[in-house]
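Undergrad: No gaps in the numbering here: position 155 of the sequence shown is 1492 in our numbering, and each next residue is one more.
For the record, the hints were derived by calculation from the structure and aren't laboratory data.
C-beta: ideal position from N, C-alpha, C; glycine also.
Some hints here could point you the wrong way.
[As the list claims (entries may be wrong)] Quick list of the computed label-pair ranges, beta carbon to beta carbon:
{"#": "1", "residue 1": "Lys1624", "residue 2": "Pro1690", "range": "56 to 64 Å"}
{"#": "2", "residue 1": "Tyr1682", "residue 2": "His1524", "range": "42 to 50 Å"}
{"#": "3", "residue 1": "Gly1691", "residue 2": "Gln1585", "range": "32 to 40 Å"}
{"#": "4", "residue 1": "Leu1771", "residue 2": "Pro1598", "range": "41 to 49 Å"}
{"#": "5", "residue 1": "Pro1584", "residue 2": "Pro1690", "range": "32 to 40 Å"}
{"#": "6", "residue 1": "Lys1675", "residue 2": "Asn1639", "range": "27 to 35 Å"}
{"#": "7", "residue 1": "Ser1644", "residue 2": "Thr1504", "range": "24 to 32 Å"}
{"#": "8", "residue 1": "Gln1709", "residue 2": "Phe1617", "range": "28 to 36 Å"}
{"#": "9", "residue 1": "Ser1613", "residue 2": "Glu1485", "range": "44 to 52 Å"}
{"#": "10", "residue 1": "Asp1520", "residue 2": "Glu1500", "range": "19 to 27 Å"}
{"#": "11", "residue 1": "Arg1747", "residue 2": "Leu1771", "range": "48 to 56 Å"}
{"#": "12", "residue 1": "Glu1608", "residue 2": "Ser1587", "range": "18 to 26 Å"}
{"#": "13", "residue 1": "Asn1639", "residue 2": "Gly1691", "range": "47 to 55 Å"}
{"#": "14", "residue 1": "Ile1600", "residue 2": "Tyr1682", "range": "29 to 37 Å"}
[Unchecked claim] With a cut-off of at most 20 Å between alpha-carbon atoms, the simulated EDC-like pairs for lysine to aspartate or glutamate come out as follows:
{"#": "15", "residue 1": "Lys1547", "residue 2": "Glu1673"}
{"#": "16", "residue 1": "Lys1708", "residue 2": "Asp1672"}
{"#": "17", "residue 1": "Lys1708", "residue 2": "Glu1678"}
{"#": "18", "residue 1": "Lys1752", "residue 2": "Glu1766"}
{"#": "19", "residue 1": "Lys1547", "residue 2": "Glu1500"}
{"#": "20", "residue 1": "Lys1531", "residue 2": "Glu1636"}
{"#": "21", "residue 1": "Lys1675", "residue 2": "Glu1608"}
{"#": "22", "residue 1": "Lys1752", "residue 2": "Asp1672"}
{"#": "23", "residue 1": "Lys1534", "residue 2": "Asp1679"}
{"#": "24", "residue 1": "Lys1528", "residue 2": "Glu1673"}
{"#": "25", "residue 1": "Lys1534", "residue 2": "Glu1636"}
{"#": "26", "residue 1": "Lys1528", "residue 2": "Asp1679"}
{"#": "27", "residue 1": "Lys1621", "residue 2": "Glu1608"}
{"#": "28", "residue 1": "Lys1534", "residue 2": "Asp1520"}
{"#": "29", "residue 1": "Lys1635", "residue 2": "Glu1487"}
{"#": "30", "residue 1": "Lys1621", "residue 2": "Glu1487"}
{"#": "31", "residue 1": "Lys1675", "residue 2": "Asp1575"}
{"#": "32", "residue 1": "Lys1531", "residue 2": "Glu1678"}
{"#": "33", "residue 1": "Lys1752", "residue 2": "Glu1673"}
{"#": "34", "residue 1": "Lys1657", "residue 2": "Glu1608"}
{"#": "35", "residue 1": "Lys1635", "residue 2": "Asp1579"}
{"#": "36", "residue 1": "Lys1547", "residue 2": "Asp1686"}
{"#": "37", "residue 1": "Lys1534", "residue 2": "Asp1575"}
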Amino acid sequence: MNIISGGRAAGKFLTWSSSYLSIKSDILSHAYGGDFFVGLYQASTFKSPYCCVTRAASSSAPVKKKNKNKKEKSFSLAESLVKRTRSNRDLDEDVIEQHLSVDNSHIPVMLGEVLDVFSSSNRQLCSFVDCTVGAGGHSSMIIEAHPELECYVGLDMDPVAHEMAHTRIGALLNGSFSNTSSDLRIHFHLKNFKFIKSVLSEVNERFIHKGADGILMDLGMSSMQVNNPERGFSVLNDGPLDMRMNPQGSLTAEHILNSWPSIEIGRILREYGEESNWFFLQNKIVKSRRTGGLHSTKELVNLIQNSTPRSRGGRQGWIKTATRVFQALRIAVNDELKTLEDSLYDCFDCLAPGGRLAVISFHSLEDRIVKQTFLDILRRNNSEDEGDGQSSQPMNKTKEMDAEETWIKRAIEGKNARILTKRPITPSEKEGQLNRRSRSAKLRVIEKV
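Throw the hints in and build the complete structure from the sequences for me.
TA: The following block contains the structure:
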């Protein structure tokens, strides 16, 4: 005989009748593999109810079936917990090898998916803006795939990447590819994408003033930046504590670590790095100033190694901590999150009706900002009688002409915009294996109505 204390019985339903406690035995019988005889014990007070549960000699009573509605509810819940849509697009390995042969290291992330976003629109891509040109991987393929393109604008604040993109895209204009338009005008600007409005106002093109047909933002660092120790982005290579995307900027990671107040060090580790061990690391960093401070990535990595408990991820657990610390410093040095949020609104304003803004993010902080900003854009001009303007529906029901755009699973409709990715698109499994740096990428797309 088993005695189970009343009040909580692991998911059993308790029914009080007068001063008796009765327990439904269908779930109990399922848990113990047999039927039960439930005896009632009259309790003198509600504070100490008990019941006796005895296993029966045989199991003859049928076990009740689970409620069908509960099954459907749990299925819907599981469906709602899916936070992404993995791309099922075929990966063109020949294209990947082509890019590797050009710069020997950098592979553009989700290249096929980006081509789909701008190639499957019902309007021609006559004007295109790449807010983060990098080595020109995405841009060169966009230019090659769209002979109707008349105006291309490329932005990047990294002079090394700017020069590489200029060389690669210049090859397209010099006849390396026959699919480009002879009327195509190329405009490069060594600026951050937060200046997109002023840059486009300088481009005296009639179609740019009407708005761009496509805008791309790839928020990840290029392999050239990570692999160059002098830039200070790499956890594994020793170099100066720089981390500036724009070499002309004044703020460096070294200045933050050796000069900022302790409370600010802790804040960026906690908010930008999402590091749970932030308080201990904050104190270690400030304490290091007594012995001269930190002046190289190796010194910072050594501090992190000595501050990370061995129980956290084994011998290599410090790498994850170091990655989060480096991320926090890089975001602080370049003011990435605030710049991103402000620029998303400006980029959307620069779109022509029917134009699309595609954003590739690489960590949860960026993706959260992109998601919330897209939703805010959706609600921005909606009238009060339309509520928040959101209605999640399959695209083939809301817009028949988009039926061929198979990459669109579910969209969110608004008065002035349409979010084409209710869930972010992530790289295919094959791309994740070929390019490990692509595994955390998430693609979100919004279209101006």
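Undergrad: Hints first: check each against the structure and report whether it holds.
TA: Hint check results:
Between Lys1624 and Pro1690 the Cβ separation comes to about 57 Å, which falls inside the hinted range of 56 to 64 Å. Separation of Tyr1682 from His1524 is about 22 Å and departs from the stated range, judged on CB atoms against 42 to 50 Å. The supplied range of 32 to 40 Å is met by Gly1691 and Gln1585, whose beta-carbon atoms lie about 37 Å from each other. Under the hint 41 to 49 Å, the C-beta atoms of Leu1771 and Pro1598, about 44 Å apart, fit the expected range.
A hinted range of 32 to 40 Å holds for the C-beta pair Pro1584 and Pro1690, which are about 38 Å apart. At about 31 Å, the CB distance of Lys1675 to Asn1639 agrees with the hint of 27 to 35 Å. For the hinted restraint 24 to 32 Å between Ser1644 and Thr1504, the CB-CB distance of approximately 43 Å leaves it violated. Our hint of 28 to 36 Å for Gln1709 and Phe1617 holds, since their Cβ atoms are close to 31 Å apart.
Between Ser1613 and Glu1485, the C-beta spacing of about 51 Å keeps the proposed range 44 to 52 Å intact. Checked against the given bound of 19 to 27 Å, the beta carbons of Asp1520 and Glu1500, roughly 25 Å apart, stay inside it. Roughly 28 Å separates the CB atoms of Arg1747 and Leu1771, a value that falls outside the hinted 48 to 56 Å. A C-beta distance of roughly 22 Å is found between Glu1608 and Ser1587, which places it inside the suggested range of 18 to 26 Å.
Between Asn1639 and Gly1691 the CB atoms are about 54 Å apart, so this pair conforms to the stated range of 47 to 55 Å. With their beta carbons about 30 Å apart, Ile1600 and Tyr1682 fall inside the hinted range of 29 to 37 Å. Distance restraint check for Lys1547 and Glu1673: the Cα-Cα separation of roughly 28 Å exceeds the 20 Å cut-off, and the hinted pair is therefore not satisfied. Distance check on the hinted pair: Lys1708 and Asp1672 sit about 19 Å apart at the alpha-carbon level, within 20 Å; holds.
At most 20 Å may separate the alpha-carbon atoms for a hinted pair to count; Lys1708 and Glu1678 meet this at roughly 10 Å. The suggested pairing of Lys1752 with Glu1766 is violated, with an alpha-carbon distance near 35 Å, which exceeds 20 Å. This hinted pair does not check out: Lys1547 and Glu1500 have alpha carbons roughly 29 Å apart, beyond 20 Å. A hinted pair counts as satisfied when its Cα atoms are at most 20 Å apart, and Lys1531 with Glu1636 does not qualify at roughly 33 Å.
Our distance criterion of 20 Å between C-alpha atoms is met by Lys1675 and Glu1608, whose separation comes to about 13 Å. A distance of roughly 32 Å separates the Cα atoms of Lys1752 and Asp1672; the hinted pair therefore is violated under the 20 Å criterion. The suggested pairing of Lys1534 with Asp1679 holds, with an alpha-carbon distance near 12 Å, which does not exceed 20 Å. Distance check on the hinted pair: Lys1528 and Glu1673 sit about 14 Å apart at the alpha-carbon level, within 20 Å; holds.
Annotation: proposed proximity of Lys1534 to Glu1636 is violated, straight-line Cα distance about 41 Å (limit 20 Å). With a C-alpha separation of about 15 Å, the suggested pairing of Lys1528 with Asp1679 holds against the 20 Å cut-off. A C-alpha spacing of about 18 Å is found between Lys1621 and Glu1608, which places the hinted pair at or below 20 Å, so the restraint holds. This hinted pair does not check out: Lys1534 and Asp1520 have alpha carbons roughly 24 Å apart, beyond 20 Å.
Pair hint Lys1635 plus Glu1487 does not hold up; C-alpha atoms about 48 Å apart against a cutoff of 20 Å. With a CA separation close to 55 Å, the supplied pair Lys1621 and Glu1487 exceeds the 20 Å bound. Annotation: proposed proximity of Lys1675 to Asp1575 is violated, straight-line Cα distance about 29 Å (limit 20 Å). This hinted pair checks out: Lys1531 and Glu1678 have alpha carbons roughly 9 Å apart, not beyond 20 Å.
Simply put, Lys1752 and Glu1673 have alpha-carbon atoms about 29 Å apart, too far for the 20 Å limit, and the pair is violated. Our distance criterion of 20 Å between C-alpha atoms is met by Lys1657 and Glu1608, whose separation comes to about 16 Å. Annotation: proposed proximity of Lys1635 to Asp1579 holds, straight-line Cα distance about 12 Å (limit 20 Å). Taken as a hint, the Lys1547 and Asp1686 pair is honoured in the structure, with Cα atoms around 11 Å apart against an allowance of 20 Å.
Only pairs whose Cα atoms come within 20 Å are accepted, and Lys1534 paired with Asp1575 is rejected, the gap being roughly 38 Å.
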